[in-house]
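Engineer: Single-letter residue listing:
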Amino acid sequence: MTKPIIGIRDLRKTFRSGEVDVHALRGVDLAVERGEFLAVVGPSGSGKSTLFHILGGLTPPTAGTVMIDGQDLMKMSDSDRTRLRKTSVGFVFQKYNLLPTLTVGDNIKIARDIAHVKGPLDKQFLEVLDALGITDKMDRKPRQLSGGEQQRVAIARSIVNHPAILLADEPTGNLDTENSTAVLGLLRDLNKRLGQTILMITHNPDAAAYADRVVHMRDGQLHAA
Amino acid sequence: MVYKLVWENLKHRPVRTLLSSLAIGLGVTMMLTLVGVGEGMLREQEARTRGVGADIIIRPSGSSVIGIAPPNINEKLVAWVLEQPHVAQSTGVVIYPLGGVSTVHGVDFEELTKMSGGFTFLSGRPFKDAQEAIIDEYFAKEKKLKAGSTVKILNRDWIVSGIFRGGKLTRMMLPKKILQDVTATTGKVSVIYVKLDDLSKSAEVITHLKKTLPDYPIYSMDELASQFSVNSVPELKTFIGVVISLSVLFGFLVVFLAMYTAILERTREIGILKALGAGQGYVLGILLRETILLAVIGSAFGIGMSYVTQWMIATFIPASMTQAIVYEWWPIASGITLGGALLGVFYPAIKASRQDALESLSYD
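Protein chains in written order, with the working numbering: chain U, 20 to 244; chain H, 2 to 365.
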């Protein structure tokens, strides 16, 4: 049996809010296999976003073990986590988070630039761009695109450097039903076509249904579906 | 790619970019104009001095090489100088300050004409009467005077008898005797101009004159010309120093404010870059490049504006000032401005590069 690409044991995260300690994660255990599409479902305040941020290296864990693609997050410095975001993790956010001053093409190129990836886009990625339906929109600015189109660009940007895992935080939270269906279909297609490991955070059971496996989060702990 | 982002960021806020560049450029213009005016006036003064046609100049004892010479040379010395070997002609000139850098010269017109090779009158004629003055074309243009106009000099009205082509000694000339009477300097002159019968004897004549007149600064025209530089005017050097300091402060404040507000506005974008894996150096690099680009655009503006100030000076106050374009100062002024701008971006850039990715992404 191969090692899971994400291995979490007894993960804890405590924030200081004013004079009160907030225990956002209270002993999370999770293993995600390479190529798996996992949905983490839970209500607001359940700790799923905190899990997303820790896995993405955006905030350090308080205690526990978190292994991502063989790298131990607990032992990582700030700059190590920056490197993790550059090389191993791709993000898709609810608010798309495209750079407004750059075109679609440049939003994708800048992710390559940050990761010091040179040369032309590879054939596999060009096929993905085609599947995402944004090849004819490369010269447009984000404000000239619909929400669904912006989210497709964000997906393209998140995988341009072939990250080990793709983290999607409420990727359909700002989209209408039609665009949500399209985006979720594209994520599943990426998972099947490229074997891309995807961990999707959502509060929507319909969105979660696109995943191979669904886990529920409540009060900082995970529960199998 | 980073340059593209920098350029797009500058284009995204064109008014801020324009105003920031203009403000940065103002410092460059201030420096170039000041240095240009200093150089221009010195070069012009040198050209006018050479226009006299003299080979040697004798100044009053204790006077500086370029400053206005006080009329305290005994006029009898002019005749004595003429008797010295190889001296073909000598003429004494009275210089009287009118305030600022303006002066009026009292000359013996016949002698000066002979020494200089002649005046070209654009209108009118040389002075003949005691109440007449001659002026050059630049003074006439600035003061809107014509031959026959009245001009007030030393609280007296003088009739402009003629307007001559510029480049000869000064802008305003009165009969020497009259100026001596009016200024109570009868029998005194400020400078003695000497023309030789053989220019190759210049060093020999100067040595002889210095031996006989040890207290008087005596220069060949080439020696004098070499002294017409900003370095010979300590007050100008000090003033340039003040303007440079102001320009650095100006660049610092403009860039500090512009970049500080830009960074606040771009908090989310910085968060996005960090989420994509951009480190502190990458974010810092973007802001430094943006500042350098602003400074380069500002410097180009500033250099362009120095041509505008040159045109304005030449059009509106051609007699009072002359501005040269001093190319050697383009990189100096640009470099100083860039230094001020980089000082200004330092704090905002460090602040931005240290922003927490998660907090930045939550910023609306």
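A portion of the hints provided could be inaccurate.
[Unchecked claim] Once the Cα atoms are required to be at most 27 angstroms apart in a straight line, the calculated DSS-like pairs of lysine-lysine come out as:
1. LYS128/U - LYS22/U
2. LYS128/U - LYS212/H
3. LYS352/H - LYS114/U
4. LYS211/U - LYS142/U
5. LYS160/U - LYS142/U
6. LYS178/H - LYS189/H
7. LYS129/H - LYS115/H
8. LYS12/H - LYS156/U
9. LYS5/H - LYS160/U
10. LYS114/U - LYS12/H
11. LYS156/U - LYS5/H
12. LYS5/H - LYS142/U
13. LYS77/H - LYS153/H
14. LYS5/H - LYS137/U
15. LYS12/H - LYS128/U
16. LYS211/U - LYS114/U
17. LYS94/U - LYS114/U
18. LYS77/H - LYS128/U
19. LYS153/H - LYS211/H
20. LYS115/H - LYS147/H
21. LYS160/U - LYS12/H
22. LYS114/U - LYS5/H
23. LYS129/H - LYS178/H
24. LYS202/H - LYS94/U
[Said to hold, decoys possible] Counterexamples of contact, computed for chain U against chain H with all Cβ distances above 10 angstroms:
25. ARG28
26. ARG35
27. ASP48
28. GLY54
29. LYS94
30. SER98
31. THR101
32. PHE112
33. ASN116
34. ASP132
35. ALA134
36. ASP141
37. THR154
These are calculated hints, taken from the structure and not from any lab test. Heads up, the beta-carbon is just placed ideally off N, CA and C, and yes, glycines get one too.
Engineer: Confirm or reject each hint.
Structural biologist: Against the structure, the hints:
| no. | hint | in the structure |
| --- | --- | --- |
| 1 | LYS128/U - LYS22/U | 32 angstroms, violated |
| 2 | LYS128/U - LYS212/H | 80 angstroms, violated |
| 3 | LYS352/H - LYS114/U | 25 angstroms, holds |
| 4 | LYS211/U - LYS142/U | 17 angstroms, holds |
| 5 | LYS160/U - LYS142/U | 24 angstroms, holds |
| 6 | LYS178/H - LYS189/H | 10 angstroms, holds |
| 7 | LYS129/H - LYS115/H | 17 angstroms, holds |
| 8 | LYS12/H - LYS156/U | 21 angstroms, holds |
| 9 | LYS5/H - LYS160/U | 14 angstroms, holds |
| 10 | LYS114/U - LYS12/H | 24 angstroms, holds |
| 11 | LYS156/U - LYS5/H | 18 angstroms, holds |
| 12 | LYS5/H - LYS142/U | 25 angstroms, holds |
| 13 | LYS77/H - LYS153/H | 30 angstroms, violated |
| 14 | LYS5/H - LYS137/U | 16 angstroms, holds |
| 15 | LYS12/H - LYS128/U | 19 angstroms, holds |
| 16 | LYS211/U - LYS114/U | 25 angstroms, holds |
| 17 | LYS94/U - LYS114/U | 30 angstroms, violated |
| 18 | LYS77/H - LYS128/U | 85 angstroms, violated |
| 19 | LYS153/H - LYS211/H | 39 angstroms, violated |
| 20 | LYS115/H - LYS147/H | 25 angstroms, holds |
| 21 | LYS160/U - LYS12/H | 13 angstroms, holds |
| 22 | LYS114/U - LYS5/H | 24 angstroms, holds |
| 23 | LYS129/H - LYS178/H | 12 angstroms, holds |
| 24 | LYS202/H - LYS94/U | 88 angstroms, violated |
| 25 | ARG28 | 23 angstroms, holds |
| 26 | ARG35 | 14 angstroms, holds |
| 27 | ASP48 | 24 angstroms, holds |
| 28 | GLY54 | 23 angstroms, holds |
| 29 | LYS94 | 18 angstroms, holds |
| 30 | SER98 | 6 angstroms, violated |
| 31 | THR101 | 5 angstroms, violated |
| 32 | PHE112 | 7 angstroms, violated |
| 33 | ASN116 | 5 angstroms, violated |
| 34 | ASP132 | 4 angstroms, violated |
| 35 | ALA134 | 6 angstroms, violated |
| 36 | ASP141 | 18 angstroms, holds |
| 37 | THR154 | 20 angstroms, holds |
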